[in-house]
Amino acid sequence: MKLKRVVVTGLGALTPIGNNIQEYWDSLVNGKSGCAPITYFDTEKFKTKFACELKNFNALDHFDRKEARKLDRFAQYALVSSDEAILDAGIDFIDVDKFRVGVIWGAGIGGLETFQDEMINYAEGDGTPRFNPFFIPKMIADIAPANISIKHGFMGPNYTTVSACASSANAIIDAFNYIRLGTCDIIVTGGSEAAVTIAGMGGFNAMHALSTLNESPETASRPFDATRDGFVLGEGAGALVLEEYEHAKKRGAKIYAEIVGGGMSSDAHHMTAPHPEGRGVERVMLNCLNDANLKPEDVDAINTHGTSTPLGDVAELKAIVSVFGKHAKDININSTKSMTGHLLGAAGAIEAIASILTMKHGIVPPTINHTTVDENIDQSLNLTLNKAQKREVNVAMSNTFGFGGHNACVLFKKLDA
Amino acid sequence: MSDIASRVKAIIVDKLGVDENEVVNEASFTNDLGADSLDTVELIMEFEKEFDIQIPDDQAENIATVGQAITYIEAAK
Chain A
2 MKLKRVVVTG LGALTPIGNN IQEYWDSLVN GKSGCAPITY FDTEKFKTKF
52 ACELKNFNAL DHFDRKEARK LDRFAQYALV SSDEAILDAG IDFIDVDKFR
102 VGVIWGAGIG GLETFQDEMI NYAEGDGTPR FNPFFIPKMI ADIAPANISI
152 KHGFMGPNYT TVSACASSAN AIIDAFNYIR LGTCDIIVTG GSEAAVTIAG
202 MGGFNAMHAL STLNESPETA SRPFDATRDG FVLGEGAGAL VLEEYEHAKK
252 RGAKIYAEIV GGGMSSDAHH MTAPHPEGRG VERVMLNCLN DANLKPEDVD
302 AINTHGTSTP LGDVAELKAI VSVFGKHAKD ININSTKSMT GHLLGAAGAI
352 EAIASILTMK HGIVPPTINH TTVDENIDQS LNLTLNKAQK REVNVAMSNT
402 FGFGGHNACV LFKKLDA
Chain B
40 MSDIASRVKA IIVDKLGVDE NEVVNEASFT NDLGADSLDT VELIMEFEKE
90 FDIQIPDDQA ENIATVGQAI TYIEAAK
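Protein chains in written order, with this note's numbering: chain A, 2 to 418; chain B, 40 to 116.
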């Protein structure tokens, strides 16, 4: 069976550095940090007092009050970003077979704030279980794609992938597979997360996973820097419309790029720690290259997982050197998490979008906040430090890895390259 | 309007996001005010909380309009 080609025809973003694609890209190129003291709750007793929250997001600009109340923030973000992507792709206005349009979404957690608030409410009561009837349907991770399909009438495959911080990369890969197999013409994919909450910050702090550089939030996310001390929690969403190539061509759609490969693997090592030699990470990049039928030398840029954790960053770069060999030093490697923070289940989506826009504009966004060389990192690598670099990029890779040892990797290619 | 009636109506306006003028005694939660089955459960829970009463499920099934809610709560208080 001959697999079909799959292209990207729509993009949407709601991020700590921009509330739409244009703002997001401008901030990426200009090296803007999205990190600031937390405004959502009182952080006095918290070890980490900062995060990458969305800026100027008001649910009532997008939903009426009744609708907003029934949606956890992670589902609100999903609807807002997917609306942008669907509008960008123009699929609401054309004659599509809605049974062949799916929504496959990624969320690492789902409605954490809804869960937290219901539990607080229960704990403050007399023990009578007075749960809100919307508690469960607001919280469950699959409700984001459900709401997208309800809004637009898309009746194809519809579910959420959950693999922690790799969730939305897994969603993109599943969407890619269903289209290339011929099951669907179009799939709205991506991911969203809204974990900047008491439970999210407290929980990740307990794992010693978060940066505690409270004196300097804007520079706390510093991937590959010797003084990095953990990731910075972010929130938001990214959405992509994937479409079968002939279907897109026939309707004269704008095509951003082709998705040419997806790789998946597991570390099979530890619940939260990365494999020290990055063996699962090595394998996921090899799987992705094989799937795309590309050679290591074909890759021009890699948007790393690069979360700014002491162990993870080194393991990932070691794996890149091992997979790409001599070519590794010719690749533009970056971590856009230095600007956006870590959006958990939405990371794969917003970083795939960064890779696609990198190819479109011929500019590689920087890894900001780098001041101190880490002796454990190969100094011949081009980590795109502090300033964006102009570069023609024909093939771009995006890596994401999740707690639990889930690894996912996607490869995009310029359509005519 | 009685105190109970105005409090009941305020809850309905808040939870169902409807205009105050629509919340008349004859209005049905589901047919006129756009409530689905979960909205109706939430309304009953809000009435219980606001008026510190218990509305058993079999009684709740009979409260389908604004007027029926006011009548029930006035009797229960």
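One or more hints might be untrue.
Unchecked claim - Facing chain A, from chain B, some residues (calculated, C-beta under 10 Å):
{"no.": "1", "residue": "L55"}
{"no.": "2", "residue": "G56"}
{"no.": "3", "residue": "G73"}
{"no.": "4", "residue": "E87"}
{"no.": "5", "residue": "E89"}
{"no.": "6", "residue": "K116"}
Unchecked claim - Below, simulated DSS-like cross-link-like pairs (lysine-lysine); rule was C-alpha separation at most 30 Å, straight line:
{"no.": "7", "chain 1": "A", "residue 1": "K67", "chain 2": "B", "residue 2": "K54"}
{"no.": "8", "chain 1": "B", "residue 1": "K54", "chain 2": "A", "residue 2": "K152"}
{"no.": "9", "chain 1": "A", "residue 1": "K3", "chain 2": "A", "residue 2": "K67"}
{"no.": "10", "chain 1": "B", "residue 1": "K54", "chain 2": "A", "residue 2": "K71"}
{"no.": "11", "chain 1": "B", "residue 1": "K88", "chain 2": "A", "residue 2": "K71"}
{"no.": "12", "chain 1": "A", "residue 1": "K33", "chain 2": "B", "residue 2": "K88"}
{"no.": "13", "chain 1": "B", "residue 1": "K116", "chain 2": "A", "residue 2": "K67"}
It should be emphasised that the hints constitute simulated quantities derived from the structure, not laboratory data. Quantities reported herein were computed from a predicted structural model and do not represent experimental measurements. Each residue gets a CB set at the ideal place from its N, CA and C atoms; glycine is no exception.
Against the structure, the hints:
1. L55: holds (6 Å)
2. G56: holds (3 Å)
3. G73: holds (8 Å)
4. E87: At about 8 Å, which falls below the 10 Å cut-off, the nearest Cβ of chain A leaves the hint on E87(B) intact, so it holds.
5. E89: violated (13 Å)
6. K116: This interface hint is violated because 19 Å lies over the 10 Å limit.
7. K67(A) - K54(B): holds (7 Å)
8. K54(B) - K152(A): Distance of about 21 Å is within 30 Å: holds.
9. K3(A) - K67(A): Roughly 48 Å between the alpha carbons, so the hint for K3(A) and K67(A) is violated.
10. K54(B) - K71(A): holds (10 Å)
11. K88(B) - K71(A): holds (19 Å)
12. K33(A) - K88(B): The given pair, whose Cα atoms are some 47 Å apart, is violated under the 30 Å limit.
13. K116(B) - K67(A): holds (29 Å)
When held up to the earlier numbered hints, the structure conflicts with 5, 6, 9, 12 and fits the remainder.
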